[in-house]
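> One gets this note's numbering by counting positions in the sequence shown from 1 and adding 850 to each.
Watch out, some of these pointers could steer you wrong.
[Said to hold, decoys possible] 30 Å max Cα-Cα, derived DSS-like pairs, lysine-lysine: (1) K888 to K994; (2) K859 to K1052; (3) K1044 to K1163; (4) K880 to K1156; (5) K1125 to K1063; (6) K1233 to K880; (7) K1255 to K1044; (8) K1230 to K976; (9) K994 to K1063; (10) K1052 to K1063; (11) K976 to K1062; (12) K1156 to K976; (13) K1255 to K1233; (14) K976 to K1093; (15) K1044 to K1125; (16) K976 to K1233; (17) K994 to K1255; (18) K1164 to K1255; (19) K1044 to K1061; (20) K1232 to K888; (21) K1156 to K1062; (22) K1164 to K1062; (23) K1233 to K1164; (24) K1232 to K1256; (25) K1093 to K1061; (26) K994 to K1156; (27) K1044 to K1062; (28) K976 to K880; (29) K1163 to K880; (30) K1125 to K888; (31) K1230 to K1256; (32) K1163 to K888; (33) K880 to K1125; (34) K880 to K1093; (35) K1125 to K1093; (36) K1125 to K1061; (37) K1233 to K1244; (38) K1232 to K1244.
Hints in this document: simulated from the structure, not taken from any laboratory.
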Amino acid sequence: MQHSTSQLKLSQLAASIPGSAILAFSNAVKERIRNGEKIYNLTVGDFDPSVFPIPRVLEEAIIDAYRNRQTNYPLAEGNADLRETLSSFIADVQGLCYPASDILVAAGGRPLIYAAYQVIVDPGDKVIYPVPSWNNNYYVQLTKGHHCRIETRPEHHFMPVAEEIAPHISDAVLLALCSPQNPTGTCYTADQLKDVCRLVVKENERRGPGKKKLYILYDQIYHLLTHQQTEHADPVSVFPRVKPYCIYVDAISKGFAATGVRVGWGYGPEPVIAKMKAVLSHVGAWAPMAEQKAVASFLQSRDAVKQFLDPFKKELFDRLQQIYNAIRLFKREGLPVDAIAPQASIYLTVKIDIPGDASALLLNGAGIALLPFSVFGATKSKKWYRLSVGTCRKEAISPMLRAFKKILQENGEPAHHSRSREA
């Protein structure tokens, strides 16, 4: 006998947790594509492997690992050879010293973020996070934390700055940050981040011994994909005194176009990492053995890493810059659109100032799919959208832009130049 959903009696979490609004929107677009519609899908934070394949050296190492029958359980905390390699890689790339014992490997970044929330946040504890941002609202709900959302502003490139965070930190236990930021493709400057870290250290010193501390969870999964003159800033590098209170999350998923390979790592203060290891040992969210062996081999070759990253980043930036330049031209022509110059990742932040639901108009009228900032938790940025180039073919950009311009011309009133903001 089947029961309707309304008759099911499950946990309070089951009754209250929604599915991902991001995935719901993206999956609906994919379904329309499967049904034969011509759509420029700029929603997904993923890569088309036919356009952006993973590094050949990594691919061959994965195949070799399977052929060598590396198919048994890995260590729950990550294989020793991979954690040693990561320790060296972190030192070379960021200049930070984290021994293998302070590193935890998992199946991508998500289990690590989940584990960090679980070991820091008790029910009712305050978690500070910016909006728009990726999935923090769901992680707070999963841990029954108290949401403290900071609505970020375009004048700060949608990054949460110290003056916005300061009023909320006195009783918070977690500050969830991401740079380069998803969904905006923008980054902290070193000075901005230093001011935030100084706040955290000062607050923890105020609390004194025996009191629960405030930790920074720093998602830097896009940090290898900075563009042009942008430099990645991370907490411990800009303010070393924050090291006891900072947990990093990283992975191969974005920097190496390897979203489906599922190898991520977290590192930070040993007492916190040890508890995260304990949590994940019960979840079984480890990266597969063969992939761990392959990533260890690949990251040991800094030449192979560089040979992949340099052209990969150029291809991404060329796409982002071409679209950005066109949007800025549309704005100069008086059309109601704007964008923030791309700094990192695969995303462009776009403002579309037309009446109604611009995402629906673009999708139904031009076959262009963008994600509104509302699916990333923002309520005060209704005209702003995320555009992703991870599946974008170069030959599709010009026709997409022509269709985009036509929608702007048909549905928007010309923007008043005196009121426009230079991004």
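> Hint by hint, say whether it matches the structure.
Structure-based check of each hint:
For the suggested pair K888 and K994, the alpha carbons sit about 42 Å apart, so the restraint of at most 30 Å is broken. Taken as a hint, the K859 and K1052 pair is broken in the structure, with Cα atoms around 46 Å apart against an allowance of 30 Å. The suggested pairing of K1044 with K1163 holds, with an alpha-carbon distance near 27 Å, which does not exceed 30 Å. For a cut-off of 30 Å, the pair hint linking K880 to K1156 is broken: about 33 Å separates their Cα positions.
For the suggested pair K1125 and K1063, the alpha carbons sit about 15 Å apart, so the restraint of at most 30 Å is met. Annotation: proposed proximity of K1233 to K880 holds, straight-line Cα distance about 23 Å (limit 30 Å). Of the supplied pair hints, the one linking K1255 and K1044 is violated, its CA atoms being roughly 40 Å apart against a limit of 30 Å. Our distance criterion of 30 Å between C-alpha atoms is met by K1230 and K976, whose separation comes to about 21 Å.
Distance hint between K994 and K1063 is fulfilled; the C-alpha atoms sit about 18 Å from each other, no more than 30 Å. Among the hinted pairs, K1052 with K1063 is consistent with the structure: their alpha-carbon atoms are about 11 Å apart, no more than 30 Å. Between the alpha carbons of K976 and K1062 the distance comes to roughly 12 Å, so the proposed pair stays at or under 30 Å and holds. Restraint check for K1156 and K976: not satisfied, since their Cα atoms lie roughly 41 Å apart, outside the 30 Å limit.
A C-alpha spacing of about 16 Å is found between K1255 and K1233, which places the hinted pair at or below 30 Å, so the restraint holds. Taking the CA atoms of K976 and K1093, the gap is near 21 Å; set against the 30 Å cutoff, the hint holds. A C-alpha spacing of about 27 Å is found between K1044 and K1125, which places the hinted pair at or below 30 Å, so the restraint holds. The hinted pair formed by K976 and K1233 meets the criterion: a straight-line CA distance of about 29 Å does not exceed 30 Å.
Restraint check for K994 and K1255: the C-alpha separation of about 44 Å exceeds 30 Å, so the hint is violated. Distance check on the hinted pair: K1164 and K1255 sit about 26 Å apart at the alpha-carbon level, within 30 Å; holds. Between the alpha carbons of K1044 and K1061 the distance comes to roughly 24 Å, so the proposed pair stays at or under 30 Å and holds. A C-alpha spacing of about 26 Å is found between K1232 and K888, which places the hinted pair at or below 30 Å, so the restraint holds.
Annotation: proposed proximity of K1156 to K1062 is violated, straight-line Cα distance about 41 Å (limit 30 Å). Restraint check for K1164 and K1062: not satisfied, since their Cα atoms lie roughly 44 Å apart, outside the 30 Å limit. The suggested pairing of K1233 with K1164 holds, with an alpha-carbon distance near 29 Å, which does not exceed 30 Å. The straight-line distance between the Cα atoms of K1232 and K1256 is roughly 21 Å, inside the 30 Å bound, and the hint therefore holds.
The straight-line distance between the Cα atoms of K1093 and K1061 is roughly 18 Å, inside the 30 Å bound, and the hint therefore holds. Among the hinted pairs, K994 with K1156 is inconsistent with the structure: their alpha-carbon atoms are about 42 Å apart, more than 30 Å. Our distance criterion of 30 Å between C-alpha atoms is met by K1044 and K1062, whose separation comes to about 22 Å. Straight-line distance between C-alpha atoms of K976 and K880 comes to about 36 Å, which puts the hinted pair past the 30 Å bound.
The suggested pairing of K1163 with K880 holds, with an alpha-carbon distance near 26 Å, which does not exceed 30 Å. Proposed proximity of K1125 and K888 is contradicted: the alpha carbons are some 48 Å apart, above 30 Å. Distance check on the hinted pair: K1230 and K1256 sit about 27 Å apart at the alpha-carbon level, within 30 Å; holds. Only pairs whose Cα atoms come within 30 Å are accepted, and K1163 paired with K888 is accepted, the gap being roughly 27 Å.
For the given pair, K880 sits about 39 Å from K1125 by alpha-carbon distance, which is inconsistent with the 30 Å threshold. The hinted pair formed by K880 and K1093 fails the criterion: a straight-line CA distance of about 42 Å is larger than 30 Å. A threshold of 30 Å between alpha carbons decides the hint, and for K1125 with K1093 the separation of about 17 Å falls inside it, so the pair holds. Restraint check for K1125 and K1061: satisfied, since their Cα atoms lie roughly 18 Å apart, inside the 30 Å limit.
Between K1233 and K1244 the CA atoms are separated by roughly 26 Å; this keeps the pair inside 30 Å, and the hint holds. Restraint check for K1232 and K1244: the C-alpha separation of about 29 Å stays at or below 30 Å, so the hint holds.
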